[in-house]
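Engineer: Given next are the chains, with one letter for each unit.
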Amino acid sequence: MSDTSLILAIPALPLIAAALIGALGPRVFRGQSHWVAIAALVGSFVAAVTTLAHGHAYSGSLYTWFAAGSLSVDLAWRYDPLTAIMLFTVTLVSLLVVIYSRGYMRGERGYTRFFAYMCLFVFSMCTLVLADNFAVLFLGWEGVGLCSYLLIGYFYERPAAAAAAKKAFIVTRIGDLGLMIGVLLIYATFDTLSISRVLGRVEPYPLGLSLPNHTLSWVSVLLLCGAAGKSGQLLLHVWLPDAMEGPSPVSALIHAATMVTAGVYLVARTQPIFHFGGVLPVVATVGCATAFFAATIAVVQVDIKRILAFSTISQLGYMFLGVGAFNVNAAIFHLFTHAFFKALLFLAAGAVMHAMADVIDLRKMGGLWRKLPLTTGVFLCGCLALAGIPGFAGYFSKDEIIGTIFLQSNPPHPAWLVIGGAAILTAGLTAFYTFRLFMRVFTGPEVLPEETHGHVHPAGVWMSAPMIVLAIGSVVAGWFGSMVHHVLDGDAIGPLSFAWPRYEQPFEVLVAIVTTVLAVGGALLAVILYGPLRNWTLNAGLERTFIYKLLWNKYYFDEIYNLLIVRPLRAVGRLFVRVDDDGIDNALVGVTWAPRGLGLLLQRAQRGSLGGYAFTFVIGAALIGAAIAWVKW
Amino acid sequence: MLLTFIIFLPTLGALLTLMMPTRQTVRWTAFLFTVATFGLSLMLFPTFHTGAAAAFGSSYADGIRLIERHAWISAFNAQYFVGVDGLSFPLVILTTFISALSALAAFKITKATRGFFALLLLLETGMLGVFLALDFFLFYVFWELMLLPMYFLIGIWGGPRKEYAAIKFFLYTLAGSVLMLIVLLAFYFLSKSATGVGTFDLIKLATDPAIQAKFANASTLLLGARFGPLAFAFLFIGFAIKVPAVPFHTWLPDAHVEAPTPISMILAGVLLKMGGYGLMRISYPILPGPAGSKFFVVLLTVIGLVSILYGAAVAMAQTDFKKLVAYSSVSHMGWVVLGLAITPVIYKAGGNTAGFSGAMFQMISHGLTSAMMFFLVGVIYDRAHHRDINRFGGLALAMPVYFALAMLGFFAGMGLPSLSGFVGEIYVLMASFDYSPWVAGASALGMILTAAYILWTVQRVYLGPAKPENEHLEPMTPREVLVLVPMGLFAIVLGVYPKLATMFWDGTLENICRLFK
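Going down the list, the protein sequences come from chains A and B.
If you read the first sequence in our numbering, its first letter stands for residue 1, the second for the next number, and so on.
If you read the second sequence in our numbering, its first letter stands for residue 1, the second for the next number, and so on.
Be aware that one or more of the hints could be misleading.
Stated by the list, open to error - Some, not all, of what chain A presents toward chain B, calculated at C-beta under 7 Å: (1) Ile170; (2) Leu510; (3) Val514; (4) Gly573; (5) Ile584.
Unchecked claim - Straight-line alpha carbon distances no greater than 25 Å define the calculated SDA-like cross-link-like pairs of lysine to any residue that follow: (6) Lys364(A) with Gly460(A); (7) Lys467(B) with Arg109(A); (8) Lys467(B) with Asp580(A); (9) Lys467(B) with Ala19(A); (10) Lys499(B) with Leu15(A); (11) Lys162(B) with Ala587(A); (12) Lys348(B) with Ser72(A); (13) Lys499(B) with Ala587(A); (14) Lys499(B) with Ser61(A); (15) Lys517(B) with Leu71(A); (16) Lys294(B) with Ala587(A); (17) Lys348(B) with Ala39(A); (18) Lys108(B) with Val35(B); (19) Lys162(B) with Leu15(A); (20) Lys499(B) with Tyr111(A); (21) Lys108(B) with Leu482(B); (22) Lys162(B) with Ser61(A); (23) Lys467(B) with Glu157(A); (24) Lys162(B) with Ser70(A); (25) Lys499(B) with Ser70(A).
Quick caveat, the hints were computed from the structure, so don't treat them as lab data.
Virtual Cβ for every residue (Gly too), placed ideally from N, Cα, C.
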């Protein structure tokens, strides 16, 4: 099998599986549908690993999707270091999540539908990262959006799930509007939509490009809109917490490990455009603000999955910050490690839900470690990695990002210092909310929600095995930093489509120490507050403060958007209905009365529904007569 | 003779249908005739299948195939002149395809079946005639011919306010027809003064230098005003009513709401396309000057934009499922107007035909998806006997197959990449970006509104807990599935491999655009 067909097999196998399950699932595969999905994803994963090991870059094109004039959009793909890392991560995590789903989704209605959607998602995601054409990238981009919509709304009989699915699609589509216009601007500027050709023109000779003023800046800002929508960055983040209405494996795969990182991927992929457009500092600012604000919200929430969702938003902010701070390598490395520990945390949260009869409010439970020792263990691994405790995955990648910020200029620009400070502070907050969650759910006296009626279902082997694998990943993924960088630097896989500035990955001793102290301190504070002290009274006091209410209500973004956008839009719709029914129609009814009245006057005898129209004909004939008379030949 | 057979086979079917003894035989006769017409129209493929430049001819006039030309009313040189090119061919296929499916959808009709199917077939003849006639007079006759069956199909088999809706439809179209008639006469007399022989030949009117010079001459007047702009305006209003473009659209929601399901399918799937076709066949080739003038480019661009946004906003506020789909048609057809409006400018500037291509693609795609959506509405109306969106809910649970097909139809309409709706919109977006980034940006805003009203509808109708009154809706019948699946399949195929459609019209559209220079 040639490498080319191996690479194409990576998206093709899940697509075939999705079609097979979709067509035959309900009748033929039924409860065994997961085998089709698992087989396809094992194939994809093996193909991804094999091509990575072969270490060559490839590109190709399937056929011309559509063409008009000078525009020809090919289904072009490109396998390069960035794609290789993404494909590896996507296929590995999706395989593990699908195996887990066999245990988690067992007995749910629409079991086959679930696996069909998951496979369709993996296909779309692989298309997205393989695309070498902005239109094809958009195809994958909207494809993952569709799957996200379908899977958030998987339990569609629940109104909250249906609403969340709609919200996710529409909010990301607002970002997509920017992406789309950005792509059009790219086409107008470069007369091609091929990503490698565009980058090939931008990257080596930026000064030789004669472009209208600020074109690249506009392109970057527009692409950033799309990226921010997909990756839940500030202002467009409101859909991601609600997306937790989807089943936990979906949250783990789509809304933590893969799809939401598509925005980071897009910015990383087109980094030269951002660089020469001068927009990278904006990316960094957006990322930093998102990381900080999302972390503050996570501190007070009580829904386990929503805490993790805000944590995801926050960590995605770190990735944006990394790209914005000129260190794509570190951002992608963080994407890589985050995929492990955040997928793990969601799967483990799913295991908790599974055991607790779908209750997810951490106030209703406690001391679960006795009942769920394995889940507690793996969750702890995830927490240590997320909190950035030295030695665990998140520590290495986050540290690289934060370290980079202070290397921006010498002496550092004040703005970068503020960003760096916020990033470090966020690391402390992250550790705090992570261990607040862990302590309240797993330690202390045992509390079970009423809904369980005292029965706790421990995770079976289908659920446990993937969690164990991910837990190992959460511990060790960070140790492979040099390997990831090796690949991304283009040393393992042939030439890159373009070159990022090569960084000796920074290790700023001072920054590392401060970050570590804050992270460990935050974690310890949470352990003390929610462990032995279990100081609920302190909470009760805090709950009355303004800042707590602000955080509890997530800075009121939903309410503000509802007031400023949703309601006015609906009002406009209703107004236009009035314009149609009362305005235009009444005016026309008035017009039709004229000939009707005239008709009644002249031909009283005439009755019947067609009468008025016959008369209109007369009027028409008169007009024609006038026309002939007026035309001067 | 092939084209004549295609046009009049449905008429023959109508006659036979009237003679059939039972309801069952009436249905099957009518259905088989629509299928036979579809089969016959497929025989046009060999004429175009190469997709090579040769198939389209070297010029607009050279590209007409299978010409049949006979003297008809020699007193004023009206001819029976039919022919097919890349502009009409796809629409002919669409017409026969949608007609066959709507005949299948009409098996539910029980009232005066004979009359219904006979009129349906007669309507098909009218529509095919419009697309294949190349003589303006003949075109006009077919245009009017199609009006009457439609009037009766809505007026007799329609819903509670059927008379109102039918009259409104009739009046609107008639108003447009009158304006068209004025231009038709003017074309005849002006061509007579230019060449000595008056003609209704649409190809000759577009390509004869003497006639074109006469039309373009500033001293040529119509009703006391400059001929070109006024004629273009008259024709535009006539066709815009059909499209329908805001503000000429208010007949559409009423007509759709009252029309029986199969008629809604034809109305949205085919009839609206006659407006776009008329613009592309008559207005733009014959009056390229006014079409490319700044005034009309800007005006039509605004009309297209407003249609896209206004239609979507009004759709969002609807509670009647069918009315919502009707307004989505207004919004989707706005893309057609926008695509056409900007083409003369961008073609003259850089040879870009994407606007025409997009308009054409959008017409075909909308023909499939809107017919699909109207049938989807019809399916639940047949069961629930109402169309109030807020009373539905949880239909996905009761009717899973229906839900799956509905998602396909609505997402194709929404323009999800890899489904047909996306291609037309992206073409028009690219073209309009060439014209002005602000226009592209504003029209792209329509894509968000579209997502909003479609997803909100999906949420209210299909998702959520099943309401007690909707719990026992019977699942789709095989016949209903059979109506939807072909349209759904084409929506996917055209989205994944649009070339399958564009290869049949690219050359012709290029030839028409050349007339702008």
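Engineer: For each hint given before, does the structure comply? Return the numbers of the non-compliant ones in rising order.
Structural biologist: 2, 3, 8, 9, 13, 16, 17, 19, 20, 22 and 24
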